[in-house]
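Residue strings, one per chain:
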Amino acid sequence: MEGDVVQMGAYIGAGLACTGMGGAAVGVGHVVGNFLSGALRNPSAAGGQTATMFIGIAFSEALGIFSFLVALLLMFAV
Amino acid sequence: MATETHDTASACVDSFGGAIGMPQLCGEWFGNQIFWLLVTLVVIFFVLSRIALPRIASILAERQGSITNDLAAAEDLKAKAVEAEEAYNKALADARAEAQNIVAQAKADIQGELDEAIAKADAEIAAKSAESEKAIAEIRASALDSVKVVAKDTAKEVVSMMGGKADAKSVTAAVTARMKG
Amino acid sequence: MATESEKGTELVFHPMDQFIVKPLFGDGAVGLFTVTNVTLWMAITVLCIVALLVLGTSGRSVVPSRIQSIAELCYGFIRKMVEDVASKEALPYFPYIMTLFIFIVFSNFLGLLPGAFTTTSHIAVTAVMAMAVFLAVTILGFVKNGMGFLSLFWISAAPLPLRPILALIEVISYFVRPVSHSIRLAGNMMAGHAVIKVFAAFAPMILIGWIGILVTPLSIIAITAIYALEVLVAFIQAYVFTILTCVYLKDALHPHH
Numbered sequence: 001m002e003g004d005v006v007q008m009g010a011y012i013g014a015g016l017a018c019t020g021m022g023g024a025a026v027g028v029g030h031v032v033g034n035f036l037s038g039a040l041r042n043p044s045a046a047g048g049q050t051a052t053m054f055i056g057i058a059f060s061e062a063l064g065i066f067s068f069l070v071a072l073l074l075m076f077a078v
Numbered sequence: 001m002a003t004e005t006h007d008t009a010s011a012c013v014d015s016f017g018g019a020i021g022m023p024q025l026c027g028e029w030f031g032n033q034i035f036w037l038l039v040t041l042v043v044i045f046f047v048l049s050r051i052a053l054p055r056i057a058s059i060l061a062e063r064q065g066s067i068t069n070d071l072a073a074a075e076d077l078k079a080k081a082v083e084a085e086e087a088y089n090k091a092l093a094d095a096r097a098e099a100q101n102i103v104a105q106a107k108a109d110i111q112g113e114l115d116e117a118i119a120k121a122d123a124e125i126a127a128k129s130a131e132s133e134k135a136i137a138e139i140r141a142s143a144l145d146s147v148k149v150v151a152k153d154t155a156k157e158v159v160s161m162m163g164g165k166a167d168a169k170s171v172t173a174a175v176t177a178r179m180k181g
Numbered sequence: 001m002a003t004e005s006e007k008g009t010e011l012v013f014h015p016m017d018q019f020i021v022k023p024l025f026g027d028g029a030v031g032l033f034t035v036t037n038v039t040l041w042m043a044i045t046v047l048c049i050v051a052l053l054v055l056g057t058s059g060r061s062v063v064p065s066r067i068q069s070i071a072e073l074c075y076g077f078i079r080k081m082v083e084d085v086a087s088k089e090a091l092p093y094f095p096y097i098m099t100l101f102i103f104i105v106f107s108n109f110l111g112l113l114p115g116a117f118t119t120t121s122h123i124a125v126t127a128v129m130a131m132a133v134f135l136a137v138t139i140l141g142f143v144k145n146g147m148g149f150l151s152l153f154w155i156s157a158a159p160l161p162l163r164p165i166l167a168l169i170e171v172i173s174y175f176v177r178p179v180s181h182s183i184r185l186a187g188n189m190m191a192g193h194a195v196i197k198v199f200a201a202f203a204p205m206i207l208i209g210w211i212g213i214l215v216t217p218l219s220i221i222a223i224t225a226i227y228a229l230e231v232l233v234a235f236i237q238a239y240v241f242t243i244l245t246c247v248y249l250k251d252a253l254h255p256h257h
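Protein chains in written order, with UniProt numbering: chain A, 1 to 78; chain B, 1 to 181; chain C, 1 to 257.
Rather than coming from a laboratory, the hints here were simulated on the basis of the structure.
Glycine included, C-beta positions come from ideal geometry on N, C-alpha and C.
Misleading hints may appear alongside valid ones.
When the alpha-carbon atoms are kept at most 25 angstroms apart in a straight line, the in silico SDA-like pairs for lysine to any residue are as follows [stated by the list, open to error]: (1) 250(C) <-> 45(A); (2) 80(C) <-> 50(A); (3) 197(C) <-> 27(B); (4) 88(C) <-> 54(A); (5) 197(C) <-> 24(A); (6) 80(C) <-> 54(A); (7) 250(C) <-> 60(A); (8) 197(C) <-> 22(A); (9) 88(C) <-> 49(B); (10) 80(C) <-> 45(B); (11) 80(C) <-> 69(B); (12) 80(C) <-> 51(A); (13) 250(C) <-> 50(A); (14) 250(C) <-> 63(A); (15) 197(C) <-> 15(A); (16) 88(C) <-> 64(B); (17) 80(C) <-> 42(A); (18) 250(C) <-> 49(A); (19) 197(C) <-> 25(B); (20) 80(C) <-> 42(B); (21) 250(C) <-> 49(B); (22) 80(C) <-> 67(B); (23) 197(C) <-> 14(A); (24) 80(C) <-> 62(B); (25) 80(C) <-> 46(B); (26) 80(C) <-> 36(A); (27) 250(C) <-> 28(A); (28) 88(C) <-> 67(B); (29) 78(B) <-> 91(B); (30) 197(C) <-> 19(A).
Chain B is nowhere near these chain A residues, computed Cβ spacing over 10 angstroms in every case [what the hints assert, rightly or not]: (31) 5; (32) 6; (33) 15; (34) 17; (35) 23; (36) 32; (37) 36; (38) 44; (39) 45; (40) 53.
Assemble the whole structure, with the sequences as input and the hints as a guide.
Below is the structure:
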């Protein structure tokens, strides 16, 4: 109860930053879901596009990783 | 991992050996990590580029080569099989044609013989029938003569029995005339 | 994965302690050439790579043994990726990409061993690799295409008024590449290991109170589940790092969209 407002703010900020990871989860799910619905419509073309899907996943996941990083920085580095 | 307390002169580790803040952001460890990372990567690169990758590439190439060779050999064998089949078919066709020839020849021979025999038989039959016709004609002629003689004789006898004196000449004439009518 | 607690039996979280760099011999400070646990685990990585790719293929058999077929699988997988994603002209750079991939994938998997130190969970390590890729690709792009490499940022397919804005976005995203490239790998590895450690800290709760009867099995199940996910992530992150390297390489070789 020292009233460490800065630390409290940092922890609250870290928690808020983690909501960004939910956005990344939605994005990744969207990428894979759309890939799957396309792949089921045209299974013969799906094999060649798996790499593209992973690139898409990587890009949308990167933003979630950024928010995770912000959370970690707030918790441990600030 | 070790749990003993450290008295390290580090700003990133507390006196209990726990991390202060994020170990990933501890600046004094960066140099060490980067140094060993570079050493590791260089070692891996040389191991890969000098030994491992050429070896795997050669193994794969060898396998590819043997597969190609096997495929070529199979192709060869297949071509040979096709050739053999063709030869077999050709031989079969030849044999069949020859057989056909022989059969035709035999048929022709038999036909010829048959024709000859038939012709001979026909000729014989014709000769025999001509002969027999002649014989019949002879017999008929002789029969006619005999009838004339018998008729003359009978007529002479009848005339003489009737009491007349038969003139042979007139009797014959009469019989001849009668027989013509 | 011992929770390093010196404060008695109360619940303590030290999820980040597993990432501490320690000298292997003695307790001195970590200098540039100190032999640390980083050295140990990188050496183990090298030994595993040698065992797989060199000793495993020493038979050179046309019909491969199990280890040899794994080595061939790795080779074919990365080679095909380079060829498909970065075009055939990128094949001379295949050994570099293979080096990165095989190092990352072995570090990730070795880091999953209990008590292991995960070298790829450190931003210093991944940042060096990402910066190396970034610098190499940029230099290669200018060497191969001259100033034509800048057409990567000038999207000629877009309408003219939009192009400067797009160029700005492209430049920013180009310079963010090494950041996201390195933090994606380090963040994924660190997050997974930290989460496992947090659940592991809940596991001894059965020694503390009755609530532990509920919590301990749950946390053990959670560790198992997260561990399975981490096995998947360990491979996928190595794959993603490699495929992004190929994508950047393709940009350097063929900057015209």
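To see whether the hints hold, each was checked on the structure:
Our distance criterion of 25 angstroms between C-alpha atoms is met by residue 250(C) and residue 45(A), whose separation comes to about 22 angstroms. Straight-line distance between C-alpha atoms of residue 80(C) and residue 50(A) comes to about 13 angstroms, which keeps the hinted pair within the 25 angstroms bound. A hinted pair counts as satisfied when its Cα atoms are at most 25 angstroms apart, and residue 197(C) with residue 27(B) qualifies at roughly 24 angstroms. In summary, the hint linking residue 88(C) to residue 54(A) is supported, as the alpha carbons are separated by about 21 angstroms, within the 25 angstroms threshold.
Restraint check: the Cα-Cα separation between residue 197(C) and residue 24(A) comes to about 23 angstroms, which is no more than 25 angstroms; the hinted pair holds. With a C-alpha separation of about 15 angstroms, the suggested pair residue 80(C) and residue 54(A) falls inside the 25 angstroms cut-off, and the hint holds. With a C-alpha separation of about 20 angstroms, the suggested pairing of residue 250(C) with residue 60(A) holds against the 25 angstroms cut-off. A C-alpha spacing of about 22 angstroms is found between residue 197(C) and residue 22(A), which places the hinted pair at or below 25 angstroms, so the restraint holds.
Simply put, residue 88(C) and residue 49(B) have alpha-carbon atoms about 18 angstroms apart, close enough for the 25 angstroms limit, and the pair holds. Of the supplied pair hints, the one linking residue 80(C) and residue 45(B) holds, its CA atoms being roughly 19 angstroms apart against a limit of 25 angstroms. At roughly 24 angstroms between alpha-carbon atoms, residue 80(C) and residue 69(B) fall within 25 angstroms of each other, so this suggested pair holds. Between residue 80(C) and residue 51(A) the alpha-carbon distance is near 11 angstroms, which keeps this suggested pair within the 25 angstroms criterion.
Proximity of residue 250(C) to residue 50(A) is assessed by CA-CA distance (about 17 angstroms); at most 25 angstroms being required, the pair is judged to hold. Between the alpha carbons of residue 250(C) and residue 63(A) the distance comes to roughly 23 angstroms, so the proposed pair stays at or under 25 angstroms and holds. Distance check on the hinted pair: residue 197(C) and residue 15(A) sit about 19 angstroms apart at the alpha-carbon level, within 25 angstroms; holds. For the hint linking residue 88(C) to residue 64(B), the alpha-carbon distance of about 19 angstroms falls within 25 angstroms, and the restraint holds.
A hinted pair counts as satisfied when its Cα atoms are at most 25 angstroms apart, and residue 80(C) with residue 42(A) qualifies at roughly 23 angstroms. For the given pair, residue 250(C) sits about 16 angstroms from residue 49(A) by alpha-carbon distance, which is consistent with the 25 angstroms threshold. For the hint pairing residue 197(C) with residue 25(B), the CA-to-CA distance comes to about 19 angstroms; that is within 25 angstroms, so the pair holds. About 23 angstroms separates the Cα atoms of residue 80(C) and residue 42(B), which keeps this hinted pair within 25 angstroms; it holds.
For the proposed pair residue 250(C) and residue 49(B), the alpha carbon gap of about 21 angstroms is at most 25 angstroms, so the pair holds. For the hint pairing residue 80(C) with residue 67(B), the CA-to-CA distance comes to about 20 angstroms; that is within 25 angstroms, so the pair holds. Restraint check for residue 197(C) and residue 14(A): the C-alpha separation of about 19 angstroms stays at or below 25 angstroms, so the hint holds. A threshold of 25 angstroms between alpha carbons decides the hint, and for residue 80(C) with residue 62(B) the separation of about 18 angstroms falls inside it, so the pair holds.
For the proposed pair residue 80(C) and residue 46(B), the alpha carbon gap of about 21 angstroms is at most 25 angstroms, so the pair holds. About 23 angstroms separates the Cα atoms of residue 80(C) and residue 36(A), which keeps this hinted pair within 25 angstroms; it holds. Taking the CA atoms of residue 250(C) and residue 28(A), the gap is about 24 angstroms. The hint holds against a cut of 25 angstroms. Restraint check for residue 88(C) and residue 67(B): satisfied, since their Cα atoms lie roughly 24 angstroms apart, inside the 25 angstroms limit.
As the CA atoms of residue 78(B) and residue 91(B) are separated by approximately 20 angstroms, the hinted pair is consistent with the 25 angstroms bound. For the proposed pair residue 197(C) and residue 19(A), the alpha carbon gap of about 22 angstroms is at most 25 angstroms, so the pair holds. Against the 10 angstroms criterion, residue 5(A) stays outside the reach of chain B, whose nearest CB is about 19 angstroms from its own CB. With a minimum CB-CB distance of about 14 angstroms to chain B, residue 6(A) clears the 10 angstroms threshold, and the non-interface call stands.
Chain B leaves residue 15(A) outside its interface by the beta-carbon criterion, the shortest separation being 17 angstroms against a cut-off of 10 angstroms. Chain B leaves residue 17(A) outside its interface by the beta-carbon criterion, the shortest separation being 14 angstroms against a cut-off of 10 angstroms. Interface exclusion of residue 23(A) from chain B stands, the closest Cβ pair being 23 angstroms apart, more than 10 angstroms. The beta carbon of residue 32(A) sits about 29 angstroms from the closest Cβ of chain B, which is more than 10 angstroms, so the claim that it is off the interface holds.
The beta carbon of residue 36(A) sits about 33 angstroms from the closest Cβ of chain B, which is more than 10 angstroms, so the claim that it is off the interface holds. With a closest Cβ-Cβ approach of about 26 angstroms to chain B, residue 44(A) is found to remain outside the 10 angstroms limit, as its non-interface label requires. For residue 45(A), the shortest C-beta to C-beta distance to chain B comes to about 27 angstroms, beyond the 10 angstroms cut-off, and the non-interface label holds. Its beta-carbon lying about 27 angstroms from the closest one in chain B, residue 53(A) satisfies the requirement of being farther than 10 angstroms from that chain.
In this structure, none of the earlier numbered hints is contradicted; all agree with it.
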